[in-house]
Amino acid sequence: MQSLQTLMRQLERTPGWQIAAPLRQLLALWPRLVGAAVAQHSTPNRIQRGVLYVSVSSAAWAQTLTFERLRILAKIHEQIPAMVSDVQEIRFSTARWHQNAQRSRSLTPSQQAQHPSWIQPVPRLSQPLPTTAETAFRAWSHHMRTQLATQSSCPKCKRPCPTQELERWTVCSICMTHYWQTNLREGL
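The opening position of the sequence shown corresponds to residue 1 in my numbering, with each subsequent residue numbered one higher.
Hints are computed from structural coordinates only; laboratory data are not their basis. Check before you lean on any hint, since a few could be wrong.
For each label pair, taking beta carbons as the anchor points, the in silico distance ranges come out as [as the list claims (entries may be wrong)]:
#	residue 1	residue 2	range
1	Q79	R145	41 to 51 Å
2	T14	L148	24 to 34 Å
3	H77	T6	29 to 39 Å
Predicted model only: the values in this text are computed from it and were never measured. A virtual CB, placed ideally from N, CA and C, is assigned to each residue, including glycine.
From just these sequences and the hints, can you work out the full model?
Below, the structure written as structure tokens:
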């Protein structure tokens, strides 16, 4: 009787498993490559003709990760040098997300705090709910002014932005998105 390890080694040497080896390696390292919060909302599906296809939980995640794809690709090549020839591009889509066992779960408060766009909530005052649209607007306006007063300013556009965005990109997410889009157009 053969041991389970011996059987697994034999199985891994079969052509079908050899083809899937890069994807299995990526799946094992995915949370470390993209971070735990992103890994909860994304799963590599397949590698085909040099393209890594990744399922994501929503269109918003697809867009966000598309902007980050060059950084993710660089991390993949850095962590798994053998992948340089296997993966030259990444595409994100909501297709097949429902087929994955992993589902989008709400983030814990500590995971939320790690997100670059996270803003610390302003403590709620024990005031009654506004009864008119004008008082609701004034309450909202006051809340927004309080929130903006605690934020840093982007050094490029001078808009208020979360400190985590500045720590991550040195500019706000709007300026960073503009930078990525400009570089993508110039790179094409």
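Comparing the hints with the structure gives:
1. Against the hinted window of 41 to 51 Å, the Cβ-Cβ separation of Q79 and R145 comes to about 44 Å, which satisfies the hint.
2. With their beta carbons about 59 Å apart, T14 and L148 fall outside the hinted range of 24 to 34 Å.
3. Between H77 and T6 the C-beta distance comes to about 33 Å, which sits within the given range of 29 to 39 Å.
Checked against the numbered hints above, the structure violates only hint 2.
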